[in-house]
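Respectively, the protein sequence lines represent chains V and Z.
Numbered per my numbering, the first sequence finishes at 137, counting up by one with no gaps.
Numbered per my numbering, the second sequence finishes at 147, counting up by one with no gaps.
Quick caveat, the hints were computed from the structure, so don't treat them as lab data.
These numbers come from a predicted model, not from an experiment.
Derived EDC-like pairs (lysine to aspartate or glutamate); straight-line CA-CA distance at most 20 Å: (1) Z:Lys134 - V:Glu87; (2) V:Lys38 - V:Asp112; (3) Z:Lys134 - V:Glu83; (4) Z:Lys103 - V:Glu124; (5) V:Lys65 - Z:Glu43; (6) V:Lys65 - Z:Asp119; (7) Z:Lys91 - V:Glu124; (8) Z:Lys134 - V:Glu76; (9) V:Lys65 - Z:Glu77.
Here are a few chain V residues that face chain Z, going by a calculated C-beta distance under 10 Å: (10) Tyr60; (11) Lys65; (12) Thr81; (13) Ile117; (14) Arg121.
The beta-carbon is built from N, C-alpha and C at its ideal position, and this holds for glycine as well.
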Amino acid sequence: GAVVSQHPSWVICKSGTSVKIECRSLDFQATTMFWYRQFPKQSLMLMATSNEGSKATYEQGVEKDKFLINHASLTLSTLTVTSAHPEDSSFYICSARVQETQYFGPGTRLLVL
Amino acid sequence: GNSVTQMEGPVTLSEEAFLTINCTYTATGYPSLFWYVQYPGEGLQLLLKATKADDKGSNKGFEATYRKETTSFHLEKGSVQVSDSAVYFCARFSGGYNKLIFGAGTRLAVHP
Numbered sequence: 025g026a027v028v029s030q031h032p033s034w035v036i037c038k039s040g041t042s043v044k045i046e047c048r049s050l051d052f053q054a055t056t057m058f059w060y061r062q063f064p065k066q067s068l069m070l071m072a073t074s075n076e077g078s079k080a081t082y083e084q085g086v087e088k089d090k091f092l093i094n095h096a097s098l099t100l101s102t103l104t105v106t107s108a109h110p111e112d113s114s115f116y117i118c119s120a121r122v123q124e125t126q127y128f129g130p131g132t133r134l135l136v137l
Numbered sequence: 036g037n038s039v040t041q042m043e044g045p046v047t048l049s050e051e052a053f054l055t056i057n058c059t060y061t062a063t064g065y066p067s068l069f070w071y072v073q074y075p076g077e078g079l080q081l082l083l084k085a086t087k088a089d090d091k092g093s094n095k096g097f098e099a100t101y102r103k104e105t106t107s108f109h110l111e112k113g114s115v116q117v118s119d120s121a122v123y124f125c126a127r128f129s130g131g132y133n134k135l136i137f138g139a140g141t142r143l144a145v146h147p
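This is chain Z alone, in the form it adopts within the complex (with noise of 0.2 Å):
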């Protein structure tokens, strides 16, 4: 089936430290991958994306690379800031775009 798996949270950094997200997904075909943040009270904010394999998304520092060969779109950021705590959220396209599928989110704590 068409799924998103994401590590469970929360994750607790400290300022400046290395921080990587896992995702992975099950489905037929390359679809396109998001990663999406959500902070304290708002909507979701698009992060990145990328929309064929191989594919690089960059914004804010956060860089995730589709990789067929593991199934995986891992987010990633060299230095967090204490304003990048926020939940992240992994997602991809149902077949034909007509549903976003979600991860479970992860929690990010960035403590000074």
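So that you can see chain V by itself, here it is in the shape it has in the complex (with noise of 0.2 Å):
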């Protein structure tokens, strides 16, 4: 299967600091990636669907000014979480189509003190 990596896979900031997580297909091209949030014991919750070369369409509820989403390339999209704050701190999962199936990172886990 497709191969998506997650960078970093671990980060502790300071409330205020700024957090970019990067997303990137190594083994294939993805003009949409996706982005997820995962609280703990909870299902995955969509965030925002990012294309390449566009902006980002983000789901009812989450701010794109606080959530900047790039898709740069057909291999790399970027999340990155502005001024975070304690209850940003959360599992975030990034994801990428091939054809008919969706391929996950393996996430990155942001705790924000």
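Please dock the two separately framed chains into a single complex, following the hints provided.
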């Protein structure tokens, strides 16, 4: 199957700082990537759909100025959590679609102190 | 509407027991169906899929059959191992493959 990587896998930051998470498709090109958030013991919540070369599409209730998404190439999408606060602490997972199947990255755990 | 419903967990089994995790969906048409597995602290891995009615997806001893009559895609394994302990998510695409819709997830714990 297709491989999706994320970096970093863990990040701890101070409140008020910004954190960038990278999502890469390693062996394929992805015009569309997806960013999810997962709270402990819960299902995944789709935050936004990242489209190469255009603006991301955000789900209802997700602040686009808070969660900046850039999809500048066919193999890289980034999620920047701006001015992070403790309530932004979560597990962030990206995904890319290949034909009719979606493949997921290993996730990034963010802890905001 | 489009939704996916999974049986609530946690499911606790002894090693070598038979596993069934129920999944039903609502949809117009016949969407592709998926099972994903999430091991502790990791992202999701595609376990198996079925793209049309009556298809059977299988992988690592797990199976699921796409049954349009009952709109179900139940996950089964004949003999579970401790290493199967994880959270299992049933999923389907929304119309046009724009979004992947997940069930709530079912946590499986297998004890020796």
